[in-house]
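K.L.:
Below are the chains, spelled out letter by letter.
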Amino acid sequence: MIPKPPPPDPAAGLEIVIQPTRGWRWFSWRELYSYRDLLWLLARRDIVARYQQTVLGPLWYIIQPVLTTVIFVVIFSRVARIPTNGVPSSLFYLCGQLPWNYFAQTFQSTSNTFLANASMFGKVYFPRLIVPLAAALSNLVALGIQVATFFVIFALEKTGPRAGTFHLHATAWLLPLALLQVAILSIGIGLWVTALTAKFRDFAVLATFLLQLWMYASPVVFPLTRVPARLYWAAAANPLTFPIEAIRQMLLGAGTPTLPLFLISLGTTLVLAVGGALMFRRVERNFIDVI
Amino acid sequence: MSRPIIEIENLSKRYQLGRIGSTSIRDELVRRWEGILATVRRPLADAGSTPSSRDFWALKDVSFTVQPGEVLGIVGRNGAGKSTLLKILSRITEPTSGLARLRGRVASLLEVGTGFHPELTGRENVFLNGAILGMTRAEIRDKFDEIVAFAGVEQFIDTPVKRYSSGMHVRLAFAVAAQLEPEILIVDEVLAVGDAEFQKKCLGKMREVTSNDGRTVLCVSHSLYAMESLCSSMVHMDHGRVVAVGPSAEVVANYVRQTMEPSAAAEGSALVDGLRLSSLCFSPEPAIAGRPLQFKAGLVATERTVVTDVHLLFYNTFGMRIATMDLRQESGPYVLAPGGHLDFQGTISRLPLVSGSYRVGLYLQTERDHGDCYDLLQIEVSAAPTRPGLVPHAVQFQGTTVLDFQFERSGG
Numbered sequence: 001m002i003p004k005p006p007p008p009d010p011a012a013g014l015e016i017v018i019q020p021t022r023g024w025r026w027f028s029w030r031e032l033y034s035y036r037d038l039l040w041l042l043a044r045r046d047i048v049a050r051y052q053q054t055v056l057g058p059l060w061y062i063i064q065p066v067l068t069t070v071i072f073v074v075i076f077s078r079v080a081r082i083p084t085n086g087v088p089s090s091l092f093y094l095c096g097q098l099p100w101n102y103f104a105q106t107f108q109s110t111s112n113t114f115l116a117n118a119s120m121f122g123k124v125y126f127p128r129l130i131v132p133l134a135a136a137l138s139n140l141v142a143l144g145i146q147v148a149t150f151f152v153i154f155a156l157e158k159t160g161p162r163a164g165t166f167h168l169h170a171t172a173w174l175l176p177l178a179l180l181q182v183a184i185l186s187i188g189i190g191l192w193v194t195a196l197t198a199k200f201r202d203f204a205v206l207a208t209f210l211l212q213l214w215m216y217a218s219p220v221v222f223p224l225t226r227v228p229a230r231l232y233w234a235a236a237a238n239p240l241t242f243p244i245e246a247i248r249q250m251l252l253g254a255g256t257p258t259l260p261l262f263l264i265s266l267g268t269t270l271v272l273a274v275g276g277a278l279m280f281r282r283v284e285r286n287f288i289d290v291i
Numbered sequence: 001m002s003r004p005i006i007e008i009e010n011l012s013k014r015y016q017l018g019r020i021g022s023t024s025i026r027d028e029l030v031r032r033w034e035g036i037l038a039t040v041r042r043p044l045a046d047a048g049s050t051p052s053s054r055d056f057w058a059l060k061d062v063s064f065t066v067q068p069g070e071v072l073g074i075v076g077r078n079g080a081g082k083s084t085l086l087k088i089l090s091r092i093t094e095p096t097s098g099l100a101r102l103r104g105r106v107a108s109l110l111e112v113g114t115g116f117h118p119e120l121t122g123r124e125n126v127f128l129n130g131a132i133l134g135m136t137r138a139e140i141r142d143k144f145d146e147i148v149a150f151a152g153v154e155q156f157i158d159t160p161v162k163r164y165s166s167g168m169h170v171r172l173a174f175a176v177a178a179q180l181e182p183e184i185l186i187v188d189e190v191l192a193v194g195d196a197e198f199q200k201k202c203l204g205k206m207r208e209v210t211s212n213d214g215r216t217v218l219c220v221s222h223s224l225y226a227m228e229s230l231c232s233s234m235v236h237m238d239h240g241r242v243v244a245v246g247p248s249a250e251v252v253a254n255y256v257r258q259t260m261e262p263s264a265a266a267e268g269s270a271l272v273d274g275l276r277l278s279s280l281c282f283s284p285e286p287a288i289a290g291r292p293l294q295f296k297a298g299l300v301a302t303e304r305t306v307v308t309d310v311h312l313l314f315y316n317t318f319g320m321r322i323a324t325m326d327l328r329q330e331s332g333p334y335v336l337a338p339g340g341h342l343d344f345q346g347t348i349s350r351l352p353l354v355s356g357s358y359r360v361g362l363y364l365q366t367e368r369d370h371g372d373c374y375d376l377l378q379i380e381v382s383a384a385p386t387r388p389g390l391v392p393h394a395v396q397f398q399g400t401t402v403l404d405f406q407f408e409r410s411g412g
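Sequence order for the protein chains is P and F.
When the first sequence is numbered by the working numbering, its final residue is 291 and no position is left out of the sequence of numbers.
When the second sequence is numbered by the working numbering, its final residue is 412 and no position is left out of the sequence of numbers.
It should be emphasised that the hints constitute simulated quantities derived from the structure, not laboratory data.
The beta carbon of each residue, even a glycine, is placed where N, CA and C say it ideally should be.
Heads up, none of these hints are tricks.
Far from chain P by the CB rule (all over 10 Å, computed), these chain F residues:
id, residue
1, Trp-33
2, Thr-302
3, Tyr-358
If you want the footprint, here are the derived chain F segments under chain P, 3+ residues with CB under 8 Å:
id, region
4, 85-95
5, 113-126
Looking at chain P on its own, in the form it has when it is part of the complex (with noise of 0.2 Å):
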């Protein structure tokens, strides 16, 4: 009989208590931080699975943007003759996909949370939110190449005729800051839908058919100033138009955001993160329960 050593003192380490919890609870931030790496790999395994085992790989987040900017030029441009600002449409149709793209692809992973990991997280506990979170990270890559790309075709419309038209507002380097709105409003929204879909699938159905028409509410293929006026207060209560305008703004020196949009974008982005987040926390205790 091998004797044993005095074993581990438990009450130098954390005491876990385990109970029903009543009522709304907010994330613990700390446990949050101490997931970090599993962040990093689920959001590597998110990037590395996405494009394994296709040929153009990584190309695809090239060819997808460019391929719908030549369908909208064909379209809004050429056919529905929709103005876009003065700015060469290419750049115009680029510039409102880049936060577009990112909002519509971290959306669609958020709201899939539950459904799409159910599996592990019946076995295994970590903070939910980690998932959510790796999604919105390993987005990041499709949206850093989607910016070279339209940085690549804004260089080549600057040698040419209508370089005139466009240029690199000063206010470009709040970029990223636009981008961490969208971020934040996409997982907010996501949050919501996937905390409603653990219980009724009625909302997954809805979410997806919400986001295409959700796409024509948002100045992504016009201009704000082509809006309508008796028209401008949806425009205004969509969280996604300030955004969208203001890295118009700011990559392009072509859109028109001004203090009220912010102040309703911002308003309605937090109320919904914050909405979304305390939603998921109530679900994620017992999903696993009625998924």
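Knowing the structure of chain P, use the given hints to seat chain F on it.
P.N.:
For chain F alone, kept in the frame of chain P given last:
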């Protein structure tokens, strides 16, 4: 006695039958509305805690404590609440009421290889799986070589795991888990992974972890006797409640005794011409390999019959006859009047069958007729406990018979 590392007080978990699974908004609205109506009609009742006949308590008032360094097994039939308890302690789902305190870092292993992604290489999966189980990247890096060596996949560590054989997959997954160094380890059915060789390695590792490092382990397994050899104490659960807590041997003995109900064949089955079965049973149920087994067999005559031969027949699950018991005596043949009974009872002193299911039949010969009567009864044989500290090999490696032997050893 020091402060318990795990304290569980009145832990309960309720599921609402018929409401498990996702509902549609319509159903939910209807249910809410009915809830409101019920509250309005019975204004004095507390709407939140209205007991419903559709409620199902997966756990009910479970309380026990675990001391540091203890290895506690949880036994019970399917549906006894073992898995629910582990899920609650692993913080996968919340209890409905009650409290549990866990004093230390917890790692739970309800499955090996959680989060393994087929497209990632072995190396990437080791890091990911380790992080999911709560290790930091630095910890995994320190143990990486040990993990790979333990799994024996050195050559393939940079190959995507989708190209792994299922054995390699499981070995790598377990190897990661084996390197966890929590104060409390929660394990469900991990004894059931890999081939026999690897199982032995796993159990060795488990024992090393528990006896040398003084870690606290909570485990569930269907392999009762593997658990008996690993666990110092056990909790016996039934229908969501704790039936007994105590030293392993005691709880297991109790558990086996409770599940011992003689199995009996259908009475009245027609056998050969003129004879019917009146009884056929064995006890204990399940029978235990290498231990005594009592049997009873009874025949009843429908007309005057002279029975010249009676044999009990044993078949394995492949339908192969593996043993017979000759029940003739020198004083035979047995002469039965109409309605007359012929009963045998006795004991097989050491049942030589390895664990598994067996079918029992009869061979009968009378003056007028003879024949085999198959499938009168099925008996279950479960493995006997091995020597303390040893783990039995999986049954497919045990052959078909249990030998009764003694041995001595010199040297070594």
